[in-house]
Amino acid sequence: MAGGGNGGGGNVGGCKEEEQDGVSVHSPCKAPLSSASSLPQEQSQVELELRLLEALERYPPAKLRGIHRHFVLYGLMEHLRRSFDRHFSADEVLQLLDRFYNLDMLKPDEDESEILNQEEDFSLPPSYFVKEEL
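Heads up: the sequence shown begins at 0 in numbering that gives the first Met the number 0, then just goes up one per residue.
It is worth saying that the hints were derived from the structure and are not from the lab.
One should not assume that every hint holds.
What the hints assert, rightly or not - Taking lysine to aspartate or glutamate pairs in the DMTMM-like style, the calculated list, with each CA pair at most 20 Å apart, reads:
id	residue 1	residue 2
1	Lys62	Asp103
2	Lys62	Glu77
3	Lys62	Asp90
4	Lys62	Glu91
5	Lys62	Asp97
Required output: the full structure, derived from the provided sequences and hints.
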């Protein structure tokens with residue numbers, strides 16, 4: 000493959016070497032600079048999506064709807080942080096998830112938030128006091 004990187008007009012020799020290495024005859028000898036420079040970014044994007052899908056095995060998106068949604072989101076953030084050794088914000092993770100799922104469907108219902116915000120005084124059941132008296 001060393002002959003294909005000359006950058007001059009003599010790419011024919013490079014093609015023959017690449018053909019011997021198992022690359023298809025129809026593939027280009029040298030990628031244009033514009034696509035070559037965007038290749039690492041595309042690869043990192045694919046890698047990011049793959050790591051997110053791996054994390055979804057442990058933290059299913061259906062749980063983003065319930066009372067555990069913050070824990071699931073944090074778990075996804077931590078999985079990505081460990082995979083890429085950089086911090087991911089909750090917004091970044093939600094943007095990634097939005098590519099695969101309709102997150103509007105996962106927003107909490109108003110009824111659910113009302114139930115969770117209801118306060119009720121705690122009292123022991125009457126049967127507890129009956130047992131103590133005996």
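Quick rundown of the hints versus the structure:
{"no.": "1", "hint": "Lys62 with Asp103", "in the structure": "holds (14 Å)"}
{"no.": "2", "hint": "Lys62 with Glu77", "in the structure": "holds (16 Å)"}
{"no.": "3", "hint": "Lys62 with Asp90", "in the structure": "holds (17 Å)"}
{"no.": "4", "hint": "Lys62 with Glu91", "in the structure": "holds (18 Å)"}
{"no.": "5", "hint": "Lys62 with Asp97", "in the structure": "holds (15 Å)"}
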